[in-house]
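Could you build all of it, start to finish, from the sequences and the hints given here?
Number of protein chains: 2
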Amino acid sequence: MSAAFQDWMKTIQAGMENDMSAYLPAASALPQKLHDAMRYALLGGGKRVRPLLVYAAGNLFGADAAALSRAAAALEMIHAYSLVHDDMPCMDDDALRRGKPTVHIAYDEATALLVGDALQAQAFAVLAEADTLPPARQVAMLRLLAQAAGSAGMCGGQAIDLASVGLSLTLEQLEQMHQLKTGALLRASVVLGALAGKDLDAAELQALNDYSRAIGLAFQVVDDILDATADSATLGKTAGKDAADNKPTYVSILGLEPSQALAEKLRLEAHAALAPFGDNAQRLRELADLIVQRKA
Amino acid sequence: MSAAFQDWMKTIQAGMENDMSAYLPAASALPQKLHDAMRYALLGGGKRVRPLLVYAAGNLFGADAAALSRAAAALEMIHAYSLVHDDMPCMDDDALRRGKPTVHIAYDEATALLVGDALQAQAFAVLAEADTLPPARQVAMLRLLAQAAGSAGMCGGQAIDLASVGLSLTLEQLEQMHQLKTGALLRASVVLGALAGKDLDAAELQALNDYSRAIGLAFQVVDDILDATADSATLGKTAGKDAADNKPTYVSILGLEPSQALAEKLRLEAHAALAPFGDNAQRLRELADLIVQRKA
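Going down the list, the sequences are from chains E and W.
Position in the first sequence (from 1) plus 1403 gives the number in this note's numbering.
Position in the second sequence (from 1) plus 1403 gives the number in this note's numbering.
Wrong hints could be hidden among the right ones.
No copy is singled out in the list; a pair is fine if it fits within one copy or between any two copies.
Within a straight-line C-alpha distance of at most 27 Å, the following computed DSSO-like cross-link-like pairs (lysine-lysine) qualify [what the hints assert, rightly or not]:
1. Lys1644 with Lys1436
2. Lys1668 with Lys1503
3. Lys1436 with Lys1650
4. Lys1436 with Lys1601
5. Lys1436 with Lys1668
6. Lys1698 with Lys1450
7. Lys1668 with Lys1450
8. Lys1644 with Lys1668
9. Lys1650 with Lys1450
10. Lys1601 with Lys1698
11. Lys1503 with Lys1436
12. Lys1698 with Lys1644
Worth flagging that the hints you see were computed from the coordinates, not collected in a lab.
Structural data, given as structure tokens:
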């Protein structure tokens, strides 16, 4: 990782922390407990992979900074709400997230439910308030976000994930599940970032879809590798959870070394997809590297 | 209630059933259990008060039918998701809704959580796909829907409601809670219906806000009256639940007869607010009457 890339990441991560705080009601605004818990769920942690993808894709076409910030915040809010609901007792029942107690532990279950619901609404509000965008493109971005978040995207992937506990999935079924559960939102991050710059032609959209598919799968393969090999303190969440929950993973289906080889292959596919964009795609390339080479 | 008004309602209710079915993925689409449960939660019941308000307000300015259908469906999806989550064990823990087992009873808790999450996303998708609207007005409608659904609207009202169990609220605090919990979405229904017709000037918006405030409160006052006086079979949900849950209501604070007088006063206020719109507001007037005079 180059120092320039690390500086770029830190700048965006710090900027997002400020911007997302400003896009949420103050912790003192009524109802206080809900707003306090929304801030707890969204701020102060996380790798901000989706915002980084938004900004990196924004670099392709010189997108407006205000629009990128709102698109990035909207995606991170959807992601954060999904983690809050996913950690609840009726789903994964997890007590630790980003090194902190999960929302239903730190507050209570009803608050966790409402925090997730309100963060999803806030995501759409923040993007709908992006008044520097041409309205027609803004509508397209809102549509894409909604589709990626819903039953044909993230929520659908969660449902398949739930239904697959204890089953032996094929590699193809596992990929399908992850393309919805994680991939849809990662793809939306890339495409929304690009759309913050300009309308996309078919070839541009195809290249971005190919890149997104590769990093989406790579992200999940590496998650599975880390879940099997790293410890909870490093991950900031409970390690070994998938095996304990009897969930199918790349490591359980392919084994560890073939999973590592697959991640590397997907990294190269991501690079190849970016060829048409030349130097403007440098940050997207570095993010593909980061996703595959990360340790947590 | 005139026969013409009843026919109008039936036409819209039947039309919404068809349209909302078409706006949801098929029950056979993967993941099937989630899509089946989404249809169970949204279709086949309910008074469709929010869609009726959308269409009635659309009458003010001759709004396009396709845009009204999408706005109405979006509002009903937000409403339906809030009921699914509200009925869950960590919230109101209710087993009966619209005369049927609630979603977490008919399916399971994890599915109920995902159904609510996916219906919220679908609401924004359906409205974002309303391609007969001028994009700038469509963005304004999406913004308004998101604000009404979030922590400064419905979710915020739910949080205040949860926090108020067992407390003795003043009439003012009770009104504030309901203006968020129910009022925000009813107001959004009226304003979105009008916006499906044209941009609103300040006087029009003020008149619609006044109408919405009156019917929003009237709706809740009548809900409290019915909860105290009707039986579960008539209501299609558990009667006497508020008293059993030790929740403050208009009836518990004001008494039954003063609550009935308040509902009638609010009905007249709703009528007065509509004066500037003349005959085009007939359906909105009839809906105010319906909200106050309903028996379930």
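Do the hints match the structure? See the list:
Within a single copy, Lys1644 and Lys1436 get their C-alpha atoms only as close as 30 Å, which misses the 27 Å cut-off; across copies the closest is 25 Å, which meets it. Proximity of Lys1668 and Lys1503 under a CA criterion of 27 Å is satisfied in neither setting, with 34 Å inside one chain copy and 51 Å between copies. When the C-alpha separation of Lys1436 and Lys1650 is checked against a cutoff of 27 Å, the pair qualifies only between copies, where the shortest distance is 19 Å, while the shortest distance within a copy is 34 Å. Taking the shortest Cα distances, Lys1436 and Lys1601 never come within 27 Å of each other, neither inside one copy (40 Å) nor across copies (38 Å).
For the homomeric pair Lys1436 and Lys1668, neither the shortest alpha-carbon distance inside one copy (46 Å) nor that between copies (34 Å) is at most 27 Å. In this homomeric assembly, Lys1698 and Lys1450 come within 27 Å of each other (Cα to Cα) only inside a single copy, at 12 Å, whereas the closest approach across copies is 53 Å. In this assembly of identical chains, the alpha carbons of Lys1668 and Lys1450 lie at most 27 Å apart only when taken from the same copy (23 Å versus 55 Å across copies). Taking identical chains as interchangeable, the C-alpha atoms of Lys1644 and Lys1668 lie at most 27 Å apart only when both belong to the same chain, with a minimum of 26 Å there against 58 Å between chains.
Proximity of Lys1650 to Lys1450 under the C-alpha cut-off of 27 Å is restricted to the intra-copy arrangement: shortest distance 24 Å within a copy versus 42 Å between copies. Within a single copy, Lys1601 and Lys1698 get their C-alpha atoms no closer than 34 Å, and across copies no closer than 54 Å, so neither meets the 27 Å cut-off. Proximity of Lys1503 and Lys1436 under a CA criterion of 27 Å is satisfied intra-copy only: 18 Å inside one chain copy versus 33 Å between copies. For the identical chains of this complex, Lys1698 and Lys1644 are intra-copy neighbours only, at 17 Å inside a copy versus 51 Å across copies, given an alpha-carbon limit of 27 Å.
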